[in-house]
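Colleague: So the chains spell out like this:
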Amino acid sequence: MNKNYLLPLDEAAYNFGFLDEYAKKEIRRALLKAISIPGYQTPFASREMPMGKGFGTGGLQITLSIIGVGEKLKVIDQGADDSVNAVNLRQFIEMTCPGISGTEDTERASLIQSRHRIPETPLRKDQVLVLQVPYSDPLVVVEPSESKRKTMHGEGDYSRLLTKLYEDIVKYDEITISHRYPTRINGHYVIDPSPIPRFDVPKMHMSNALILFGAGREKKVYAVPPYTDATPLAFDDVPFRIEDFRDENGKRRVCRRCGADNSFLEESINDAAGLKLHQCSDSNYCNRRLSLSGPARIGAEEGGI
Amino acid sequence: MKKILEIRGLSKVHGHKCPLCCDFTGPKHDTNICRHCNSIVAIHDISLDLYEGEILGIMGESGSGKSSIVKTIFFDEIPTDGDALFFDNNEQYSLFTINAARQRWLRNHRFGMVYQSPHLGLNFSISAGGNIAERLLMSDLFHYGDIRKRALELLSRTEVPSERMDQSPGKFSGGMQQRVQIAKALATRPPLLLLDEVTSGLDLSVQARILDLILEIQRDLGTAMIVVTHDLGVVRLLTGRTIVLKNGRIVEHGLTDQVLEDPQDAYTQQLVASAL
Ligand SMILES: [Zn+2]
Ligand SMILES: [Zn+2]
Chain A
7 MNKNYLLPLD EAAYNFGFLD EYAKKEIRRA LLKAISIPGY QTPFASREMP
57 MGKGFGTGGL QITLSIIGVG EKLKVIDQGA DDSVNAVNLR QFIEMTCPGI
107 SGTEDTERAS LIQSRHRIPE TPLRKDQVLV LQVPYSDPLV VVEPSESKRK
157 TMHGEGDYSR LLTKLYEDIV KYDEITISHR YPTRINGHYV IDPSPIPRFD
207 VPKMHMSNAL ILFGAGREKK VYAVPPYTDA TPLAFDDVPF RIEDFRDENG
257 KRRVCRRCGA DNSFLEESIN DAAGLKLHQC SDSNYCNRRL SLSGPARIGA
307 EEGGI
Chain B
772 MKKILEIRGL SKVHGHKCPL CCDFTGPKHD TNICRHCNSI VAIHDISLDL
822 YEGEILGIMG ESGSGKSSIV KTIFFDEIPT DGDALFFDNN EQYSLFTINA
872 ARQRWLRNHR FGMVYQSPHL GLNFSISAGG NIAERLLMSD LFHYGDIRKR
922 ALELLSRTEV PSERMDQSPG KFSGGMQQRV QIAKALATRP PLLLLDEVTS
972 GLDLSVQARI LDLILEIQRD LGTAMIVVTH DLGVVRLLTG RTIVLKNGRI
1022 VEHGLTDQVL EDPQDAYTQQ LVASAL
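Chains as they are written, first to last, in my numbering: chain A, 7 to 311; chain B, 772 to 1047.
In case anyone wonders, no lab produced these hints; they're calculated from the structure.
Glycine residues also receive a C-beta, built at the ideal position from the N, C-alpha and C atoms.
Using C-beta positions, here's what the derived DEER-type ranges look like:
hint	chain 1	residue 1	chain 2	residue 2	range
1	B	D917	A	G162	17 to 27 Å
2	A	D243	B	S896	19 to 29 Å
3	B	D859	A	S151	23 to 33 Å
No more than 20 Å apart at the CA atoms, straight line, and that leaves these computed lysine to any residue pairs for SDA-like:
hint	chain 1	residue 1	chain 2	residue 2
4	A	K177	B	P932
5	A	K177	B	S939
6	A	K170	B	D917
7	B	K774	B	L856
8	A	K154	B	L891
9	A	K177	B	K920
10	A	K154	B	I849
11	A	K154	B	N879
12	A	K154	B	N894
13	A	K154	B	D847
14	A	K170	B	R935
15	A	K282	A	E254
16	A	K156	B	R873
17	B	K942	A	E173
18	A	K154	B	Q874
19	A	K177	B	G941
20	A	K177	B	D937
21	A	K154	B	I869
Extracted from the complex, chain A is given alone in its bound form (with noise of 0.2 Å):
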């Protein structure tokens, strides 16, 4: 190391959390070009993070060249704080990053780091999200060579994913892509918006949020900013739709704590009865909702069979 770069200790702060100054620097670099040019991803020099790739480390370093003393951190995985991916992670950031707390509240956290989901509670303007992103390329499905890719988002040339679309509803008659809807940002670049759900897709078009995507593998980087323009792809009349859960009468199914009739809903089975249960995905949506409004619901079955 050399000797001049040393920091005397009471600017020690100047080296935060666990990235150095230059990979920091080198990532906000990419975001910022990331957020100047919505969708486009934008390379960066993905580093080797203490966990293997696959397990957010593209998010995972977006947050750790953003996050700053004071931050609230808020992670989640599949929709909740609790699991072990998003505990393990935001443990990592709390030990590395000292200063920063922790909080499963989305209104109370300043940065939200997600995979699989955008939580329910509308975002605000003085938040940003964190998306993990495995696949950063949707046009990967229609072509393996990256330097055509490139071409093709250069000039704006979906036609083959539309096309993908075409045979869907030839096949089963409506698009039957569940996660990684392909959506155009800003009216040009296609994006990967990363494993969340349809549902989710709507959530990031004007957006007062700040949302960026981190592909660790595929060292990629790419934002879209607030206030953007972001339409799924579709046809004029086959428009996108999101999952309207609902059961067999037509009727919408609602979350069997909190009763909650407008979130995404998991559904599981429950052994003994068979019978099929649905809950919020939202963890900290359903439990904000359980205490404003008291257990009610808990125990309430609905659904059948």
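Add chain B with the ligands to chain A, keeping to what the hints say.
Modeller: Chain B with the ligands in isolation, oriented as in the chain A frame:
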């Protein structure tokens, strides 16, 4: 008649190329390979004009370089030398000097290509209709119902039964695959269609139907075409003018009737005689 394509001095050399390449190759030497540097002179100094609604034949044996001409026009190959002007409505494009994005645009919107091998022109992992949809989706058609309607029209024009529309063309006969290729090439109503040995290897009766179809398209849509073939019969049936190619050079050109009835060049005479 309005000119649609003007090609001047088109050459394509595979290899390092030396100053002697031109002198050491051609019909006179009966070879395409330069004995000095081993480069292959696929075509040399080709000039031709194509007019609206016209079918021009490029005839030659395999190795004559006839496919190289259409491949350079369709941007599948980069020429070593030469110019090509494409006249489209009031626009004029210098094919080999415009940027790659413009070239792709012309390729996707204004040109149609039908290859000898359906594998090159079709994507077998999607349906026949999907192949046409892909080309339509490159333009500004984003209405599923309209896309299906247009794909169905195109397939019925090329005599592909509507019930095959949602099947992969990999399951089709060779003749039907070519008809899907033609439908796909016509999807954007291009003013220029390039056909590279499209009936080779097909049964005679199947060939005849495809040739009829090509004539119908010319009559109904007024599409200008360049037909590359080794088959005198194809040239006679389809084309008004013909270019005869040997070892990458034009050895004879003129009205097809004249070229076939009264060939001037010894090589053409030999070709015509062997076909009789
Ligand atoms: Zn709930
Ligand atoms: Zn040579």
